[in-house]
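Take the sequence shown: its letters are residues -31 to -1, 1 to 234, numbered as in mature numbering (1 follows the signal peptide of the UniProt record, and there is no 0).
One or more of the hints may lead you astray.
What the hints assert, rightly or not - Pairs of lysine-lysine residues, derived as BS3-like cross-links and limited to a Cα-Cα distance of at most 30 Å, are as follows:
#1 Lys160 / Lys174
#2 Lys172 / Lys229
#3 Lys133 / Lys174
#4 Lys8 / Lys32
#5 Lys197 / Lys172
#6 Lys8 / Lys160
#7 Lys144 / Lys197
#8 Lys207 / Lys33
#9 Lys172 / Lys144
#10 Lys172 / Lys124
#11 Lys160 / Lys197
#12 Lys229 / Lys202
#13 Lys36 / Lys229
#14 Lys172 / Lys8
#15 Lys174 / Lys33
Stated by the list, open to error - Label pairs and their in silico Cβ distance ranges:
#16 Ala148 / Asn222: 25 to 31 Å
#17 Ala136 / Ser190: 28 to 34 Å
#18 Lys6 / Lys160: 37 to 43 Å
#19 Ala5 / Ala159: 37 to 43 Å
#20 Ala148 / Gly100: 36 to 42 Å
#21 Lys144 / Asp59: 38 to 44 Å
#22 Gln41 / Ser232: 23 to 29 Å
#23 Asp123 / Lys36: 41 to 47 Å
#24 Lys207 / Pro114: 33 to 39 Å
#25 Gly226 / Arg24: 18 to 24 Å
#26 Glu205 / Leu104: 23 to 29 Å
#27 Thr167 / Pro121: 29 to 35 Å
#28 Pro175 / Asn122: 36 to 42 Å
#29 Ala148 / Ala5: 41 to 47 Å
What the hints contain is simulated information worked out from the structure, not anything from laboratory work.
Note that beta-carbon positions come from the ideal geometry of N, C-alpha and C, so glycine has one too.
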Amino acid sequence: MKTINLKRQLNRVFMSAALILTFLLSATSIAQTAPAKVKNVVLVHGAFADGSGWRNLYDVLSKKGYKVTIVQNPLSSLEDDVAATNMVLDNQDGPTILVGHSWGGAVITQAGNHPNVVGLVYVAAFQPDNGESALQWVQTTAPAPENGVLAPNDKGIVYYDEAKFHAGFCADVSKEDAAFMYASQGAFYAKGFITPITKAAWKDKPAYAVIATQDKSIDPSIQHAMYKRSKTKATEVKGSHCVFISQPEAVANVIIGAAKDLSGK
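Sequences are here, hints too, so could you generate the full structure?
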């Protein structure tokens, strides 16, 4: 009798151990297959701007627990801006949302092939296809009267007309902020506008977008056309070309929504 009871006890122990091992293996498998939580956001500014313009959006995202890094584009060429973005992406410690504004959209379209990038967000931004340049999209519609993009100077640099900067670039920020933004704009070399994309990341990675409905620098119809073609998940926000400054909460919501989608939540 004692021998039978001992065998029963041993069988129970082995069965319990087997169940625990099965549970642990299953939990490990689920953990390995579940998407990692996306908490990294990299912001890429456009032409006639620098990284300081992202401050409002940085504050919103940081307060919500996101690790935000801002690229300082040299604006000297598409290749140089992509290289600057890739250097920042190399330092991310996990899956990353890559966000681009205006010209920065062309940059993230190329740089978004980086392995740390899991999704793209275009903020009133260019979204060229393979073999296309940003300039091709600019030329698809007549510029707004407020648009102040000047012809390249003798060094091949394009600036924004000071007289039109506020109305054409950032009409919904204060006059004082617009003056600072004009004073801090980068020297944008025109050759970037005519350089074609060689591998469009949005073809392989999820893309989201903010359409600035009052944009005078990139006509909203251009934004609609680009994002419709690529089947990008687009959200309209009432704002100027610098909608990320005037409406940071609305733009942050699109980025956070993308992060949640890509985290499986």
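Evaluated hints:
1. The hinted pair formed by Lys160 and Lys174 meets the criterion: a straight-line CA distance of about 27 Å does not exceed 30 Å.
2. Among the hinted pairs, Lys172 with Lys229 is consistent with the structure: their alpha-carbon atoms are about 20 Å apart, no more than 30 Å.
3. Under the criterion of a C-alpha separation no larger than 30 Å, the hint pairing Lys133 with Lys174 is inconsistent with the structure, at around 36 Å.
4. Between Lys8 and Lys32 the alpha-carbon distance is near 12 Å, which keeps this suggested pair within the 30 Å criterion.
5. In summary, the hint linking Lys197 to Lys172 is supported, as the alpha carbons are separated by about 13 Å, within the 30 Å threshold.
6. The straight-line distance between the Cα atoms of Lys8 and Lys160 is roughly 34 Å, outside the 30 Å bound, and the hint therefore fails.
7. At most 30 Å may separate the alpha-carbon atoms for a hinted pair to count; Lys144 and Lys197 exceed this at roughly 34 Å.
8. Proximity of Lys207 to Lys33 is assessed by CA-CA distance (about 23 Å); at most 30 Å being required, the pair is judged to hold.
9. A hinted pair counts as satisfied when its Cα atoms are at most 30 Å apart, and Lys172 with Lys144 does not qualify at roughly 39 Å.
10. Restraint check for Lys172 and Lys124: the C-alpha separation of about 35 Å exceeds 30 Å, so the hint is violated.
11. Distance check on the hinted pair: Lys160 and Lys197 sit about 27 Å apart at the alpha-carbon level, within 30 Å; holds.
12. Taking the CA atoms of Lys229 and Lys202, the gap is about 14 Å. The hint holds against a cut of 30 Å.
13. Using a Cα cut-off of 30 Å, the hinted pair Lys36 and Lys229 holds, with the two alpha carbons roughly 14 Å apart.
14. Of the pairs offered as hints, the one joining Lys172 and Lys8 holds, with about 23 Å between alpha carbons and a cut-off of 30 Å not exceeded.
15. A C-alpha spacing of about 24 Å is found between Lys174 and Lys33, which places the hinted pair at or below 30 Å, so the restraint holds.
16. Between Ala148 and Asn222, the C-beta spacing of about 29 Å keeps the proposed range 25 to 31 Å intact.
17. The beta-carbon spacing between Ala136 and Ser190, approximately 19 Å, falls outside the hinted interval of 28 to 34 Å.
18. As the Cβ distance of Lys6 to Lys160 is approximately 39 Å, the hint placing it in 37 to 43 Å holds.
19. With their beta carbons about 40 Å apart, Ala5 and Ala159 fall inside the hinted range of 37 to 43 Å.
20. Ala148 and Gly100 have their C-beta atoms about 39 Å apart, which keeps the hinted 36 to 42 Å range intact.
21. Our hint of 38 to 44 Å for Lys144 and Asp59 holds, since their Cβ atoms are close to 39 Å apart.
22. Checked against the hint of 23 to 29 Å, the C-beta distance between Gln41 and Ser232 comes to roughly 28 Å, which is consistent with it.
23. Hint check: Asp123 to Lys36, Cβ distance near 42 Å, so the stated range 41 to 47 Å holds.
24. Lys207 and Pro114 have their C-beta atoms about 20 Å apart, which leaves the hinted 33 to 39 Å range violated.
25. Taken as a hint, the range 18 to 24 Å holds for the pair Gly226 and Arg24, whose Cβ atoms sit roughly 22 Å apart.
26. Between Glu205 and Leu104 the beta carbon distance is about 25 Å. The supplied range of 23 to 29 Å therefore holds.
27. The hint said 29 to 35 Å for the Cβ distance between Thr167 and Pro121, and at roughly 23 Å that hint is violated.
28. Checking the proposed 36 to 42 Å range against Pro175 and Asn122 shows it holds: the Cβ atoms sit about 39 Å from each other.
29. Taking 41 to 47 Å as the suggested C-beta distance range, the pair Ala148 and Ala5 conforms, at roughly 43 Å.
Going down the numbered hints, you'll see the structure goes against 3, 6, 7, 9, 10, 17, 24 and 27, while the others check out.
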